[in-house]
Amino acid sequence: MTILIADKVGHQFGGLSAVTDFNLNLHYGDLMGIIGPNGAGKTTIFNLITGVYQASEGSIFFKGIEIVGKQPNQIAALRIGRTFQNIRLFRELSVLDNVRIAHYAQANYSLIEGLLHLGRYQKEEQRIINNSRQLLSIFKLEHVAGELAKNLPYGLQRRLEIARALAISPELLLLDEPAAGMNPHEIEELMVLIQWVRQEFKLTILLIEHQMKLVMGICERIQVLDFGETLAEGPPNMIQNHPKVLEAYLGEIPG
Amino acid sequence: MNVLLIKQWNLLLENDWLVPVLLIIGLGLSFAIPEYNLLSVYVQLILMYVGINIILAVSLNLVNGYMGEFSLAHAGFMAVGAYSSVLLTMKVLPVSDFPLLFPCAVLIGGLVAALFGMLVAIPSFKVRGDYLAIITLAFLMIVKSMIENIDFMGGPRGIPGIMRLTTLPWVFFWTVTLVWIVRNFVYSKYGRAVMAIREDEIASDLMSVNTKQVKFFAFMLSSFCAGIAGALFAHLLQFISPRIFDITKSTDILIMVYLGGIASLGGSILGATLYTVLLEILRPSTMAALLSWLPSFVFDPLQAQLINHLGTWRMVIMPLALILVMLYWPRGIMGLREFRGFIPRADKKAHSHNVHDRDVPYDNSDCR
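Going down the list, the sequences are from chains R and V.
Residue 1 is where the first sequence starts when you use our numbering, and the numbers rise one by one after that.
Residue 256 is where the second sequence starts when you use our numbering, and the numbers rise one by one after that.
For reference, chain R alone in the conformation it holds in the complex (with noise of 0.2 Å):
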């Protein structure tokens, strides 16, 4: 069963292309990652993806549903997350807050309950307080709900927005980057995170990334861009020898 199809998918910034004939086919559970050199245009395929630009071409479809053209809060309510590469927290609220507000599409009442905090309001509230503070106790966070966003460490900071991208309860988990800026140890502990999240939540994970150690530690297959197009897909011990892939990364192999 496919979740995601990206099908010829092209975007250009003015006259320049920076994503050509783009093809996803990605099936619920999928552990799949993009990866490419700076510039390759794997940032712009997730804007694509959740709405922040418009694809000129091509269409992609969300668990059978057209989502070129929709705003990106009713993807986000079709229940896709993500993360971003350089961190988006609100910073100026709190930790608690950070995640409340991703339910946003899921509190059900109305303006005027809100204005009056009366009918659906307590009980709904409680309810997105609850499920916040669950997920912030998964994430170690729980300790800082009270913290502003800003005031937390570089680490937490990112684990705070793998929670609230979570928070809308999403099926497909797009993750841009999350190792960047992370040592060693903490990438080892990030690859388990992962994997840990996407059993409990049944998720499907698309992930760009640099770090190959991560990439090649946990996707089950990997789709290498670079200007905009794609050079090769398929398992990790593939791509490792792809002739095409080694060239785009390490320059032209001579002999």
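No lab work stands behind these hints: they were computed from the structure.
Backbone N, C-alpha and C fix where the C-beta goes; we use that ideal spot for every residue, glycine too.
Warning: the hint list may mix true and false statements.
Chain R is nowhere near these chain V residues, computed Cβ spacing over 12 Å in every case [as the list claims (entries may be wrong)]:
id	residue
1	V258
2	L259
3	E290
4	L366
5	M450
6	F472
7	I510
8	I562
9	L565
10	M570
11	F594
Footprint (simulated), chain V over chain R, 3 or more residues, beta carbon under 8 Å [as the list claims (entries may be wrong)]:
id	stretch
12	18-29
13	68-75
14	89-102
15	122-130
Within a straight-line C-alpha distance of at most 35 Å, the following computed DSBU-like cross-link-like pairs (lysine-lysine) qualify [claimed, not checked]:
id	chain 1	residue 1	chain 2	residue 2
16	V	K604	V	K262
17	R	K8	R	K70
18	V	K381	R	K70
19	V	K467	R	K63
20	R	K150	V	K381
21	V	K604	R	K202
22	R	K123	V	K346
23	R	K70	R	K123
24	R	K63	R	K123
25	V	K603	R	K202
26	R	K150	R	K8
With chain R held as given, fit chain V onto it using these hints.
Then chain V, alone, in the frame of chain R:
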């Protein structure tokens, strides 16, 4: 002994019935003060202006503080509320026979202002920051020149002879109700979304926040409050003209918000009160009255040298104070903090650090 006192004090502040009790006392006082002339008419007038300014500051804080936009349009929303309610009480509703029609006129004033708020919310979908500020400024100018050119609304001469219907109990009622509603809004999913938009609009959109809907609601609630303040203001001053609702009125509200602190209801209440009261104290007559207990050999030279010139210097002293506050307290007195009594109990409890009243159904020992 001291520690014990502080503990008692904190317990008192934490108490759930503190705010309701204060409200009942306040309501009683708002009826008693004019009835038994407990305070002079002048002080009563200032109390009413304090209430109206609190509404305005809270309303502007929703847009400028919580949402992080910069609105100069609030004098315009005030004008809309003032003019529509005045037209109702003077030409449509028989208010002199049925005094209870006055709150209806005020409410309708607020609703009409909310409609105009929608007009400003629409450009905010596309434009942010300085550019939206310019749009709100343009909106204010349009409202002003529209009123100036409509004859049955008095044109540039304004409308004199408005009935004085705003009383202390009504000001108290509207102030408390609107602050309560804005507080409820802030502590709901909508209010949190408003703050998320301030922090990072794209990230909040990607976290399922319907940013257009949220901006729409925030602008409408904010302009609704400003419209009600305008209606109360008109029926207190008994005279309105387009010139009253120009950019200086907007800057007055801005000063109250930034003095009190952004994204804080307590701050807005504090800022509006301080600003209104201080400006009044700096009037020569008020200052003279306040200092009249001094012996005449101190008072007379003081009056000649200082107090008589206050009228000129008042509008220098206040902005100067604001500059000092901004330099040393850039977020205002209460910036991004809140009176404990305003925060809902569930919110306070959820933010405490070591609550272990629930068992986590996950074994997360292998996930660090």
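Now for the hints, and whether the structure bears them out:
Remark: the non-interface label on V258/V is consistent with the geometry, its nearest Cβ contact in chain R lying 24 Å away (cut-off 12 Å). Even its closest Cβ contact with chain R, about 26 Å, leaves L259/V beyond 12 Å, as expected for a residue assigned away from the interface. For E290/V, the condition that its CB be more than 12 Å from all CB atoms of chain R holds, with the nearest at approximately 31 Å. The Cβ of L366/V sits about 14 Å from the closest Cβ of chain R, beyond the 12 Å cut-off, so the non-interface label holds.
Its beta-carbon lying about 6 Å from the closest one in chain R, M450/V breaks the requirement of being farther than 12 Å from that chain. With a least CB separation of 6 Å from chain R, F472/V falls inside the 12 Å interface cut-off, contrary to its annotation. The Cβ of I510/V sits about 22 Å from the closest Cβ of chain R, beyond the 12 Å cut-off, so the non-interface label holds. Against the 12 Å criterion, I562/V stays outside the reach of chain R, whose nearest CB is about 44 Å from its own CB.
Residue placement check: L565/V keeps its beta carbon more than 12 Å from all beta carbons of chain R (closest about 39 Å). The Cβ of M570/V sits about 33 Å from the closest Cβ of chain R, beyond the 12 Å cut-off, so the non-interface label holds. Distance check on F594/V: its Cβ is at least 17 Å (rounded) from any Cβ of chain R, clearing the 12 Å threshold; non-interface status holds. Check result for the stretch 18-29 of chain R against chain V: violated, 0 residues qualifying (beta carbon to beta carbon below 8 Å, three or more required).
With a cut-off of 8 Å between beta carbons, the stretch 68-75 of chain R has 3 residues touching chain V; three or more are needed, and the interface restraint holds. Counting residues of the stretch 89-102 of chain R whose beta carbon lies closer than 8 Å to any beta carbon of chain V gives 11, which meets the minimum of three for the stated coverage. Interface restraint, the stretch 122-130 of chain R with chain V: holds (6 residues with C-beta to C-beta distance below 8 Å; minimum three). Between K604/V and K262/V the CA atoms are separated by roughly 19 Å; this keeps the pair inside 35 Å, and the hint holds.
Between K8/R and K70/R, the direct Cα distance comes to roughly 18 Å. Compliance with the 35 Å bound is thereby established for this hinted pair. Note on K381/V and K70/R: the hinted pairing holds, with a Cα-Cα distance of about 16 Å set against a maximum of 35 Å. Proposed proximity of K467/V and K63/R is supported: the alpha carbons are some 26 Å apart, at most 35 Å. A hinted pair counts as satisfied when its Cα atoms are at most 35 Å apart, and K150/R with K381/V qualifies at roughly 27 Å.
For the suggested pair K604/V and K202/R, the alpha carbons sit about 31 Å apart, so the restraint of at most 35 Å is met. Distance check on the hinted pair: K123/R and K346/V sit about 46 Å apart at the alpha-carbon level, beyond 35 Å; violated. For the hint pairing K70/R with K123/R, the CA-to-CA distance comes to about 30 Å; that is within 35 Å, so the pair holds. At roughly 30 Å between alpha-carbon atoms, K63/R and K123/R fall within 35 Å of each other, so this suggested pair holds.
At roughly 33 Å between alpha-carbon atoms, K603/V and K202/R fall within 35 Å of each other, so this suggested pair holds. The straight-line distance between the Cα atoms of K150/R and K8/R is roughly 39 Å, outside the 35 Å bound, and the hint therefore fails.
The structure shown violates the earlier hints numbered 5, 6, 12, 22, 26.
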